[in-house]
Amino acid sequence: MDRLLNVMTILSIALMAAVLFSVRRSHIRVEYSVSWLGAGLILLLLSRSPAALYWIAEKLGLADPPLALLILVFCVFLVVIYRLSVVISDLKDANIAMAQRLAILEFELQSLNEKR
Amino acid sequence: MRKAGQPNQLMILIPAFNEEGAIADVIREVNQVMPRVPVLVVDDASRDDTVGRAKSAGGDVLRLPHHLGLGGCVQAGYKLAYELGYDYVIRVDGDGQHDPKYIPALLDVLRRTGCHMVIGSRFVQKNGTHTSAVRAIGIWVFRLVLRPILGKPVRDPTSGFVGVNKETLQVFTGSFPLEYPEIEALVVLQRKRFRFEEVPVQMRKRKAGRSTITAIKSLYYIIHVLLGVFVNILKFEGRRRKK
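Same order as they appear, the protein sequences are chains A and B.
Here numbering that gives the first Met the number 0 is used: position 76 in the first sequence is 75, and no number is missing along the way.
Here numbering that gives the first Met the number 0 is used: position 218 in the second sequence is 217, and no number is missing along the way.
Wrong hints could be hidden among the right ones.
Stated by the list, open to error - The list that follows gives simulated cross-link-like pairs (lysine-lysine, DSS-like), each with its CA atoms no further than 27 Å apart:
1) A:Lys91 to B:Lys204
2) B:Lys204 to B:Lys54
3) A:Lys91 to B:Lys216
4) B:Lys191 to A:Lys114
None of these hints come from the bench; they were simulated from the model.
Everything numeric in this text was worked out from a predicted model, so none of it was measured.
So here's chain B without its partners, still in its complex pose (with noise of 0.2 Å):
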């Protein structure tokens, strides 16, 4: 992977976790969509091949030495995009739910209206995407909870098809959450009073695997968000300086 040449170079960025089934797919949608932009799968010690398929696909990949959880495994990919010079990072999951043909119009947002995070929701415009029961109970929960904290309504706080441009990337190198980052980060960002914006897209059924966030997993996954989202709160450096 070469060093960010020139300015608003986007990287994008897939975080993968025992996807041998869809990686090379989805590598290969996002060059088709996006030629030229480097492609970077960050493994988080797979047990089966996802490393492989890949490097066969022509993506570069960032081996972890063990598996640290998706926002371990998501920070590294910002540290090292940091650390090259990349102005935007797109994450894309590598399961083949987020469809890359949304990629441009997330790096327009970014580009156009400055704003530090851009999301892509499912829920702001009635596409027809289909969620869990469990899932959709939280989501509204944590919209409920966020609309206060963030002072803006979010419509789809879990989705993890998320771009970020350089100050973003700065201050998730330094802070990060580590489980379950998608909600916690927004927190972070409001910390420093940063602006996110959501576009629409269109989320498919995962191409293979099987998702992090099980059924039993969910009501931990609730309070532990939750709780993080608290525990930022207390964090708020507008609160710190006060004392």
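Excised from the complex, chain A in its bound form (with noise of 0.2 Å):
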């Protein structure tokens, strides 16, 4: 158990400092940095607290607290790659309206051009 927290909190600030980092070369927009951040930070919360998790796992109703652990991570990151789909699928509507709108545009001053 001990191991695995050590580990988990090795990860989540390992996580943390590689969105940092990419936050900072701009690989990474700062808005969308705030989910992995919040992420990294629950995981680091729960990493350093057996207590908590030992109450998280009680209140689930599972008698291994590592379990519990492994739970809150996959559901933490559900929450983030939901919100990453939901970004991605503004972005393509927005992209495709956007291309259309250039093609009709430019067909139009095309059409201008063509007539003087």
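Combine both chains into one complex, guided by the hints.
This is how it looks when you write it as structure tokens:
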């Protein structure tokens, strides 16, 4: 259990460091880093407070606290991935609408030039 | 391309992606059947000479800056047609499978019946049209699923040989399925309580190029379309109002 929690602590710190590094190098925009930093922070707090983990495992009816940790990790990342799917869908819709608008404007500009 | 100056004007819309082998013949055939009717080719960022061949055959070309897929490509054409004030748009595929000689029949039904969409159907009459086994199974499944949703049978829900009127154009400029649009478009129209009719046509073999729906993609196609139909049912405005 302790070893698992230590590994989780290291992974969560590594995750947050990687995200901050990516934000600094403009690979991830600040608004999209919030989900990952939040996820990393939740994992860090859980890995450093076994009492909270035991409490959650008890509430979930799980005899094994590490299993509760894994379930929580899964849920946290599920939320992050869901949020990113929403963002990607919005961006795709906007991208398609913009590409269509650009094509139509280009078409109209060309028609005007041909008339001159 | 000119704005529609008179009422009841028709535009022919040809979505095309890498169709350099067939596009010029399709445009010429359309011009023979429907002289003086504007032909708009929407080029979905082809990597071949589709644009050049289309222009040399007398078509107007709307060039998309990058590949959007069939739905995005067709919707771009609908948007332009709507903005230019056209009342009817008939879509003909750029691979030569749709015989332009049926365009007058589709247009006649659109004008005479006042329906919102007309589908060129291979299966209204048994006319010897052949389709692959996988596609035939898909069509059978879609017919079964669509029958209760649409409230009437549709014999050829996957046909892309369709004509629409101005009201439908307006709807499609705002909401049009992006992948495999034909079947979901029917459900979009049903949400608005629009009517459709089917006209018997005979499809030809494509003159060149490859179908976007390969055997491997067929299963994905069926699942994707069924999911799209389900999502569109959830969007029914009648249901939203009841809440």
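Starting from the hint list further up, note which numbers the structure goes against and sort them upward.
-> 1, 4
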